[in-house]
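As they're listed, the protein sequences go chains A and B. Residue numbers for the first sequence follow the working numbering, beginning at 197 and rising by one. Residue numbers for the second sequence follow the working numbering, beginning at 28 and rising by one.
Note that these hints are calculated values from the structure, not bench results. These numbers come from a predicted model, not from an experiment. Wrong hints could be hidden among the right ones.
Said to hold, decoys possible - Below, simulated DSS-like cross-link-like pairs (lysine-lysine); rule was C-alpha separation at most 30 Å, straight line:
| hint | chain 1 | residue 1 | chain 2 | residue 2 |
| --- | --- | --- | --- | --- |
| 1 | A | K225 | A | K299 |
| 2 | A | K225 | A | K437 |
| 3 | B | K248 | A | K430 |
| 4 | A | K437 | B | K248 |
| 5 | A | K406 | A | K225 |
| 6 | B | K67 | B | K155 |
| 7 | A | K225 | A | K313 |
| 8 | A | K406 | A | K430 |
| 9 | B | K248 | A | K406 |
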Amino acid sequence: MAHAVISCLHANLAAFQAVLDDIDQQGIKTITCLGDLVGYGPQPNEVVELVRQRAIPTCQGCWDEDIIDGLNACECSYPSQLAERRGHHAHHWTADRLTDDNKAFLAQLPTTLCRDKLLFVHGSPNSQHEYLLPDMNAFAALERVETAGAETLFCGHTHQPYVRELSGGSIRVSVQQSDSEEAREQEMILPMRRIVNAGSVGEPRHGNTKATYVVHDDTTGEVSIREVDYDVAKTCQAIVKAGLPDVFAWRLSHGFEYAERAEDASHVCER
Amino acid sequence: MQQIWLITGPPGCGKTNWIRETLLNHGGTCAYLRLDGSTKVGLELGHNAGIDQSWLRDQIPQLQDLFDPAPSSQLSSDDHLVLIEAQQFSAPTPSAEGLDPQITQQLQQFNLTPDRTLHFGVDPELPKQDTLDFTKLEAWHLDLQGCVWDPNSLSSFWFELVNGAYGDVYRAKALMNMPDGRSFFCNWMVSQSGSQFLPLQSVVPPTGRPSRPSHLVIQGKGLIPAGIRSTINDCLLSDDVLELQQAPLREQQPNLQPTLPTPA
C-alpha cells in the first residue's frame, strides 16, 4: 500500500496545501510527517492546525523542539553570524505568535515513529539535529539504520530528497581467544537497508522552488520523489506582510534555503 | 620620457584591473590619478571612496598617487608612465573630443595633458570586455571604516547582493576587513562570471578595529538601501566577538596587544 511521507513544512501553508492536494489526488490515505512544522515561514499556526485537523502522525523536528524548549543549541548550528541572527529572529517571531494550544501539540510529539520495519525520524535516530546527508560515510549511515532496528529509515532535515540503498556491507573481524589458539576470521554480511529522505515541503533546497515529498509502497518497496508546484508568490507576500525579513521571501522565491547548513553538518549539538 | 594616458569607460568594464596590469608590467616609475566624471540624468556615477586608489597602492607600493598632496619620495625615471582613470559612459574621440567637461577641467587643474585617450568598448588595444550600455543607473555607498566582517556572513551577503536580493545590482566593489587582520578587495560586475575576492598584501595585526579604508560601492537599479544596511548590521562583528576571535591569533604572536576598549 502506498503511503506518503512529508517533512520540513516550515510554516508554509500554500506549499503544504498543494502537497496535500497532490497526495489526495493519488488516493493515498496514509501520511506521515517528519516534523519541522514551524520556523522561518509566515503561517505557523495555520500549518500546525492543518496537521492536527488531518490527524497526520508526526515526529518532532528540531524547530518544533526549539520553539518549546527555547534556544539552547550552541552557535554550531549556524554557519555564520548572519544565519544565526536570522534564525534567532525567526525563532522569536514564531514563538511569539504560536498559540499555547499549538505549542502544547508540538511539545507532545514523539521523536520517532515506527511502523513494522519502517522508522520515521526528523534528523536521525540519534537526534533531531543530526543531518543524514546523502554522501555520509556508508558505515555510519548503516549504523544509524541498523541500531534503530529498521529496514527503511525515513528522515528529513536536510531539505534534499534522496533514496540511498546500503547494500553489500560486511564486517570482518579477527578473533583470538587465547595465546595458544590461532586467530579465527569471521565475516558478517549486513543486510540491505535504505534511507529515504523526504526533502522539504516548505523550504526546498534541491535546486528549485517546488515542494518535495516521497511516496513509498510498502508492498513493492518502490519509492518515488514527488515535486509539487505551489503558489510561491503567495507565501512570499505573507512573509513580507507578517513582518519577517524581506530577504526570506527573496530566498524562498529563488529556491535558496533561509539559512545555510552548518559547515560541519554531522555535528550534533549536545548543549 | 613621460607618457600620460587617459583611460575611460563605463562602470565595471575593467579599467582598474587593466591599469594594475599595465603598471605592474611597466619597467619605469609610474603614477596614478582617478578622476570623477559627471553624473547624468538617470545615470549616477559610483562614489569611489578611494577603493581603487587603496587597491592599487596595496598592489604597487611604489605607485605615486597624484591626488595625494604629499610629495612623492620617488624620483621620476626617464620612463615615467602616468595613468589616469575616469568613469565615462559614452566614448570620447581619440583626440579627447567628447570628453566629459568635468574631467577636462580636472585635468587642467592637475596640469595634465594626456598623450593618449583610450576608452573601453571602443579601442581595440583594451581588452574586449562585455561592457554594458547603461541607460539608467543608481548608486549607493557605505563607509565601513573600522568595521570587521564575520567571513561566512560576508560570503552570504555578497551572494545575496550580486544575485538581486537588494535590487538589480550591476556593479559592486568593496574593501572589507576580516578579523584576522586581512582585507579583501571584493569586485563584481553583472557582465562577468563570478566575483573577485582578492586579499590585500598588507595585513594589520589582529589587535582591534583597523583604521584603513573600508567601503562598499554599489551601482544598479531599484536598490534597497534599508535591506542592505540591515543585513550588513547582522554581518559585522561586535567588540566582544571580535576580541573573542582575535585573542587566539594574538596568542600565536605574543608581542601584540589588544586595542579594544576595556569593558565598563
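Consistency of the hints with the structure:
Note on K225(A) and K299(A): the hinted pairing holds, with a Cα-Cα distance of about 26 Å set against a maximum of 30 Å. Our distance criterion of 30 Å between C-alpha atoms is broken by K225(A) and K437(A), whose separation comes to about 34 Å. Our distance criterion of 30 Å between C-alpha atoms is met by K248(B) and K430(A), whose separation comes to about 25 Å. With a C-alpha separation of about 24 Å, the suggested pair K437(A) and K248(B) falls inside the 30 Å cut-off, and the hint holds.
The straight-line distance between the Cα atoms of K406(A) and K225(A) is roughly 22 Å, inside the 30 Å bound, and the hint therefore holds. Our distance criterion of 30 Å between C-alpha atoms is met by K67(B) and K155(B), whose separation comes to about 25 Å. For the proposed pair K225(A) and K313(A), the alpha carbon gap of about 19 Å is at most 30 Å, so the pair holds. Proposed proximity of K406(A) and K430(A) is supported: the alpha carbons are some 14 Å apart, at most 30 Å.
Pair hint K248(B) plus K406(A) holds up; C-alpha atoms about 29 Å apart against a cutoff of 30 Å.
Violated hint: 2 only; the structure is consistent with all others.
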